Amino acid sequence: MKSTNRHFLIPAILATTAVFFSFSGKIHAVDDGARAYWKGRDGTTVVSFQYLNLNMQANDAKQFAPNQYIYPNADTEANIMVASWARHMTLFNRPSSLSVNLVAGSVDLDASASLEGQFVPPDQTAGTAFSQSSSGYADPSVQLDINLAGTTPLRSTVDLLNYEPTWTVDAAVMLGVPIGEYDEDKLVNMGLNRWYGRLALPIKYHFGVFSPGYMSSFEITPSVWIFDENDDFLGQDLENDPLWQLEAHLTQDFTPTFFGSLDLLYRSGFQSEIDGTDVGDDVDIGDFGFTLNFQSTDNLMIRTSYSSNVFGDSDIDNSLLRIQFVYAWHPLTENQKKLSEGH
Amino acid sequence: MVNKSFPLVITTMLVLSLTIGAMQVNAQTQSRPNILLIVADDLGYSDLGSYGGEIRTPVLDTLAQQGMRYTDFYVSPTCSVTRSMLMSGTDNHVAGLGNMGELNAPNQIGKPGYEGVLNKRVASVAELLQDNGYHTYMAGKWHLGLKPGQIPHARGFERDFSTLVGGGSHFDDGWNLEWQMPKMPYTEDGRPVKKLPKDFYSTKAYTDKTIQFIEEGRKDNKPFFAYLAYTAPHGPLHLPDDWLRRYKNRYDEGWDGIRQQRLARMQDLGIVDKDANAADRLSFLPRSTALVPAARVMQGRKMELYAGMVEYMDDQIGRVFEYLKEIGEYDNTIVIFISDNGAEGNDLRAMVAGRPGTMGFLHGMNNFAENGHNSLGRKGTYAEYGPAWAQVSMVPFRIYKGWVSEGGIRSPLIISGPGVKGAGELNKKAMLHVMDIAPTVLELAGIQHPDNYKGREIEPMQGKSWVGMLAGETQSPRTADDWLGWELFGNRAIRQGDWKITWLYEPLGTEDWQLFNLVEDPGEQQDLSNELPDKRQKLIALWNEYVKTNGVIIGARSPFEQAGKQLPTRVPEYDNYPPVRGLEALPYEKLLELMGGGSEDKE
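Heads up: the sequence lines are chains A and F, in that order. Heads up, the first sequence is in the numbering used here, so the first residue is 1 and it goes up one at a time. Heads up, the second sequence is in the numbering used here, so the first residue is 1001 and it goes up one at a time.
What the hints contain is simulated information worked out from the structure, not anything from laboratory work. Just so you know, these numbers come straight off a predicted model, no measurement behind them. Hints are supplied without guarantee of correctness; some may be wrong.
Said to hold, decoys possible - As a list, the in silico DSS-like pairs of lysine-lysine whose alpha-carbon atoms are at most 30 Å apart:
{"#": "1", "chain 1": "F", "residue 1": "Lys1325", "chain 2": "F", "residue 2": "Lys1274"}
{"#": "2", "chain 1": "F", "residue 1": "Lys1198", "chain 2": "F", "residue 2": "Lys1147"}
{"#": "3", "chain 1": "F", "residue 1": "Lys1204", "chain 2": "F", "residue 2": "Lys1325"}
{"#": "4", "chain 1": "F", "residue 1": "Lys1147", "chain 2": "F", "residue 2": "Lys1204"}
{"#": "5", "chain 1": "F", "residue 1": "Lys1222", "chain 2": "F", "residue 2": "Lys1429"}
{"#": "6", "chain 1": "F", "residue 1": "Lys1204", "chain 2": "F", "residue 2": "Lys1183"}
{"#": "7", "chain 1": "F", "residue 1": "Lys1565", "chain 2": "A", "residue 2": "Lys337"}
{"#": "8", "chain 1": "F", "residue 1": "Lys1590", "chain 2": "A", "residue 2": "Lys337"}
{"#": "9", "chain 1": "A", "residue 1": "Lys337", "chain 2": "F", "residue 2": "Lys1248"}
{"#": "10", "chain 1": "F", "residue 1": "Lys1274", "chain 2": "F", "residue 2": "Lys1428"}
{"#": "11", "chain 1": "F", "residue 1": "Lys1535", "chain 2": "F", "residue 2": "Lys1429"}
{"#": "12", "chain 1": "F", "residue 1": "Lys1325", "chain 2": "A", "residue 2": "Lys338"}
Chain A on its own, in the form it takes in the complex:
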């Protein structure tokens, strides 16, 4: 049997994998996650499903939780599902992506007897402990990310092959739409009952060889969350200062299909004001965690991460466990597989 020519077989294989080495699944629920702003080929679609379990215990503090709730002197557990859709594209001749998040789940709250009066729901009595829960859809969000510097448009496999980034800078704008479940008589809700948004400046530095199995990056994303007024928070007006957030990741490939990341998330600001009066203190939470990401097929990545607060306000204990499935495809690559597989 004649041999095939290795010099022409390998390109075909690598051209396939090159399409997918940089797909990512963005998450707007808590943080963006490691390698969230890595670039994919124009036309790549990414669908992601993730489950998040959040636990928070707070004493004499106001805290910031997944969907921007505040609930002082309370223990909370949230089980959240996030379905995301993202599309890599080229906008203004820059690599860009548009993503949409649909969030649903439930939140259970155990409030302590010392809950301040502004936070006591109408059917509860101040000075007594109570439990409350909420479930359903939360506010969906949409985000547009555009690269400002460091990456050329990735329209083709050729562009991907030539892609060896070092510094990259993006700009991202996210908008939350207040159509999630909201009950004005509840302290906990899935929806926020107000518009909110985020401006982010994702910056990353790729070091080492930009080749599967050797890719490393340091990623830092300063961002600010801005909230509209909630005019019906237990019958009161709730306003919040901007929330300043700094997210950082140090990522490293272990093998061509397996990477890990050390994760840092710090949030501050978000001073609450109810009916014109400041309530509590600024948020001051620093979480540290890790992520493991396994690419099980050309299309599918499985990711898990854990983080917990390790600095900032000492009165808070929180943890976040996440399991995520990310599926990505590009029509040409799928067609290539069909052709390669024969009939």
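Chain A is fixed; fit chain F onto it per the hints.
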């Protein structure tokens, strides 16, 4: 009674003799040039700018302007075989490399001329120079013996920094191509090198050592013979990080376009005649425009690395020249630059790594398994640029390294230095051979090749000195009746004047004698055996003489004996078949556009 004037007489005689001795040394020094012999490893015929290549080689191009270039310089199809002739001045079948030591056939093992090392039937040019007042230095690839009596230090080089084997990593990890000896053995001044420095890169290290040896030896004003035997651009294609992207995207257009451009430049330079017949692309290679852009980029990346290695070598040669100018020795140095064989188009990595389950494969797993597009060229990878680019490097010739067709045995040759007439000229008349270099060097140094060396009889040199040619007295050291012969791996060839016969294994040959006119047909495309049977027969008779004279034994085994089964099949779309019709006749970019948007967003 002792004469009181005796001590004075003795002293006077001593002073006089020392003075005369010193004058003789000075006279010898002034009359005998330094010799710098630079050998590239697997460099193609058309790679240098002065031979039509697009690779930036300003140092060697300047050297060519200062000296002479030659179009018809021949080497052997592989490296150790060439090196045996380079060192001995005689045929490889005499000097011990009748076959590569690694590939000796069962019926060749133990036979005279098939020792697999530079044997003791010859004296190396370094031995003769060392014994006659020259400093002898070597840095680079030896490949002529591993044992203590066979290494450079034992064969005439007073200083050396050498790798003893055929190839391997260019970095400090130093893995060898042969799994049987996983690390490349290096020697320095005859002693094994235990560990290479962390920042080791072969081409730079050999350059550094050459400069160091010359510097440390210049106190006594003796001339030097420096053999700078680079291992570039032999695979694996490795480069320092800051050189990896020096030719980024330069070769994305594919091999056909680059080959045509080179050929046109070679014609402009006069290296190839305008109406000369270039070899076809090998039948198993697709035309580059049949490849999608991404595949061309991936193939082009390998050529980028190759070009980077060639330019890096040129840059390092420039360092040696600058140093020689600094110490005032450049104008007294004859520089000879050659390649050791044709460009490498064989799948050496596959040959080295073997198949899964073999030791070779384990060797590959341990040392060069990385093949990511952006990893290529770095430590832990084994890139080679393949047959299509090798054909570019050997345009207009047929096939590449390993074969005795012109693509395996033609090499660039540049000579410059004191006494070399015809600066910047191109000599197309001389039929030259690598075994001519030793007699040339010896004549330049004023040394007679002896019949005996250290008590043993040695073979005469078969090469012919170029000194008369370099001085402009003749156009060639050979007459029209002189001829050259080759045999390696069972493939055979004879050239006499414009004519050449070859016997090559199928499918690249016919396993029968073919006859070519190299002036009209340097690509060896038109077999004239039927038209000129007498000419063919005359050359076959010379082949028989070659076998007899040199003790050639055709191997019972050959790496090419199953070439027909190992090489890929003919590609379905070749240049003229099926006939080009309709859209296929359009420019490539236009065709892509019509297929739906062009290369930018579709591939």
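These are the hints, each one checked on the structure:
no.	hint	in the structure
1	F/Lys1325 - F/Lys1274	39 Å, violated
2	F/Lys1198 - F/Lys1147	27 Å, holds
3	F/Lys1204 - F/Lys1325	19 Å, holds
4	F/Lys1147 - F/Lys1204	26 Å, holds
5	F/Lys1222 - F/Lys1429	35 Å, violated
6	F/Lys1204 - F/Lys1183	19 Å, holds
7	F/Lys1565 - A/Lys337	28 Å, holds
8	F/Lys1590 - A/Lys337	26 Å, holds
9	A/Lys337 - F/Lys1248	29 Å, holds
10	F/Lys1274 - F/Lys1428	14 Å, holds
11	F/Lys1535 - F/Lys1429	21 Å, holds
12	F/Lys1325 - A/Lys338	63 Å, violated
Going down the numbered hints, you'll see the structure goes against 1, 5 and 12, while the others check out.
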